[in-house]
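Peer 1: Sequences and hints are given; from them, build the entire structure.
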Amino acid sequence: MRSYWIRRAIGAAAVLLLVIAANFFLFRIMPGDVVSSIVDPRFSPEAKERMREVFGLDQPLLRQFVIYVRRMLTFDFGISFLSQRPIWDELRSRVPNTIALLGSALLISSALGTWLGVQAARKRGGITEKVVLISGSISFSFPSFFVQLVLLLFLAYTLPVFPLRGSVSIPVPQGAIDRMLDYIWHLLLPAGSLVLLGFGSWAIYVRNLMVKTLGEDFILLARAKGFSESRVLWNHAFRSALPPILTIFLLALPGIVSGAVITETVFSLHGVGKYLLDSIMGHDYPAAGAAFYILGLLTIISNLAADAAYAIADPRIKVGRRAGM
Amino acid sequence: MIKIPRWSFITFFLILVIAVFAPMGLSRSPQETVAKPFAPPAWTGGDAPPPFSAVLSPSQGIVVLDWEWEAPENISIKGELVFEGYSVSKLVWTTPDGRTFTLASFQGSGKWPLDLDGRDITFKTALGIPPLANALPLLFPSRGEHRVSIEGDIPSGGSLNLTLPGGKWGLMGTDQRGRDVLALFIMGIRVSLLVGISATLLASFFGLSIGLTSGYLGGVVDSLVMRTVDVLLSIPVLPILMVIVGIWGKGLWQLVIILGLFSWMGTARTVRSLALSLRESCYVENLRSIGASPWYILYRHLLPEAMPVLLATISLGVPGAILAEAGLSFLGLSDPRVISWGRMLHEAHGFGAFTAGAWWLIIPPGIGISIICLVFLDMGRSIEEMADPRLKGSLRQ
Amino acid sequence: MIAVRNLSVTYRTAARSVQAVTDVSLNLPKGSITAIVGESGGGKSSLVYGILRLLPPQAKVSGSIIYDGTDILSAKESWLRDFRWKKAALVTQGAMNSLTPVLTVGYQIGEVLRIRLGLSRKEADKRTAELLGMTNLSPEYAKRYPHELSGGQKQRVVIAMAVACSPELLIADEPTSALDVITQAEVAATLLDMVREKGMGLLLVSHDLPLAASLCENLAVMHKGRIVETGPPEKILGSPSHPHTKELLSAFSLIGGPG
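Residue numbers (my numbering), protein chains in the order written: chain A, 1 to 325; chain B, 1001 to 1397; chain C, 2001 to 2259.
Keep in mind that the hints are not guaranteed to be accurate.
To be verified - With a cut-off of at most 20 Å between alpha-carbon atoms, the simulated SDA-like pairs for lysine to any residue come out as follows: (1) 1250/B / 1262/B; (2) 212/A / 2054/C; (3) 2143/C / 311/A.
Note that these hints are calculated values from the structure, not bench results.
Peer 2: Here's what the structure looks like:
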């Protein structure tokens, strides 16, 4: 058990370091003066010189990198070129929105996909199986933003059921409950579209794993025990298929984060992904680097959460040492 | 016996033909304005005029328009008339209620070049209306018969082209700049195919080299490569691509290289496991025992063995690259001069297609991307089935 | 008593259909020990899984299997669920994959007790320990997962699970064939002890004719989906009448069986 966590922690640290290193070097191999990618080009020469010192740009590259890592780990991202405000102040308000979008989309699509996948595996050749197969191939080949644009066009413009853009109404409604409802109303279409695009492939994976598991001997034995079909299906088949399902969840995570960036752009949400795009478009490199780092961090944290779930779901991890007996 | 190829191969061939030849068949540059902005497709209903054009010439001195719609967006008359000897002539507009306007007049001899545009201030002053007013409602006060005629002396040569941009256009309407969406759509196939295929080829080349080397050498190299693959696969790729494109520039070939650099991991994994299993196989063992060099084994035996798998991987990888290109273009991270489907969706999203309700700007590029992706997915699957008939009918994930 | 009457089982796939069992009739009196032997693929498993109605959907079954006046093959789902495990329980090749890999052994035995016998969690735990003890496993094995057990231990767990509801009939499908020779003998002894102690009937399916003959009171030889010879084991071993029986016998005497 302990060695499993050590391995996972080292893996997470490696990814984190890679993200930071990518950030560090990408913005330094740009054409032109290094300072121009880190310090606002509109600053006076004296101010630039001072920034050089603050960022340690006159020091050796390795030393610069150490300073950079420390700053990243303490969320000290510097000042945005565009807004002239500390970047972390701007990002802080966006992180919850991105987490809300990612979290709700992930939870709903995995729950819906799992349920449909299990039903499809139970009744081969039924309607559920057809729905799963069709929605799966749709989510494999339709660009997410296309589906979202169509939804936006028909459900926000033609039939104005949902808002066209943004995370909150302007003006913001009074009262906590109203504000909450307004927030959910704005989140419904973005998160819903991610669910729509995600549950199909999810269901196909679950179905394939369940079909395989349902053919195992222990399922036959569970049926022979006179258990109800749902007990056989969930307590034995699904429990056994859970570890590989979680593995797929892990593999799908980065793609979902990428999807969130596009979704935030389509719906103009006040999130980290939209901030990343706006910063890149405005050549605001420190801000872009910070947004990229935050997205990487979100991925790493969800990775660790999935690892923890895996350790609970699969007893073969917990024991390790005793298994040799 | 001739086997009928799968639908996807035929569709792919058709798409390829369209991508290569159709842009040559376009009569005008796709960048050219053909109708009013956001003109819906011609086959839709609604009370919008189709585009209209006519020629005034010495033999055809009058054009009659049976106008059954609201005033058009604009009017333009371009061309040149030639007069022999001293002549007095004018261009007259007659509305259904009998009012007449002199659009332009000529006195003298020789060439009379004309370039009238309904939005020009000179045109408006000639009609006697303020510069900011709209001339068209004046010229088209009601439905009925409108005329344009050359009155006075008859010219001896030349001609004038009268065009009214339609409120509807072609098969797919127009975009926010009045460009033909069909022409843009056809141009977009090229970019998708070009980027999709070349980026995947590049990625497969990387993946093949890395996978073969890693699988064949094994040991430290192998575990190092595989850890790198693991790490790269656990980082969201799109943000990296966005950052790199933002820094390095938005050119098409830069995009191909960047996509290639970040999508070799899957191929490397597949090829590596294949190489591993082959390395342990008897015939490679035999080759080694008779003294074949590692490189000989690698390129004469492992590579051909990996070929069908690789072909399928390429075909299955193209949709990923196409979707990535489309995604980046949609985000606005592509060369604005290059027409691509992602770019079309970006412009639709950014330049008010929604407020115009212009679904024809969104549906064609989106469907186009999906069809190309489905075609490559199906081709990849059928190549896989040919290489390994056991997969037939199964659902490969 | 369970009576199999004119049972036929055909597997239908898109490409072809295979007849696994052809017109088999068999009586299983209460408390008797019957063995079915034959080469693998001879339809033994299809026959015994038919008794629990556990054949896959693509199997087409005709004939009848009567228990207490009810035809198992056409019985209602609720009757069938009650019949399974309480009247007839199954011992599969435990060394293979008969235990759910992610649940502890104790949970899996206790689950049967709680769900089928309505025992409380506490009672079930106590009874689980007893059952494990009866199969010569220490009660602390209840906390273990299947992958932590050896093949023989897993087989014992499967037996403990099968006798949990004290069924009238124990169906054992090749219960020892995946084990090494010494463990085989131990597990066979445990199985026989349980059956004798509780007065259960046993339907043993095996390709090992000498082993089956040494355990059973009644022997049926199956070949290509048909029962070709039945009778007391002494009689069949002494004067085998069907060529397939002779084949099975000679196969074992060649490698030093008791023949």
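Peer 1: All hints are to be evaluated individually against the structure, with a verdict given for each.
Peer 2: Here is what the structure says about each hint:
1. Restraint check for residue 1250/B and residue 1262/B: the C-alpha separation of about 16 Å stays at or below 20 Å, so the hint holds.
2. Between residue 212/A and residue 2054/C, the direct Cα distance comes to roughly 17 Å. Compliance with the 20 Å bound is thereby established for this hinted pair.
3. Distance restraint check for residue 2143/C and residue 311/A: the Cα-Cα separation of roughly 17 Å lies within the 20 Å cut-off, and the hinted pair is therefore satisfied.
In summary, this structure violates none of the numbered hints.
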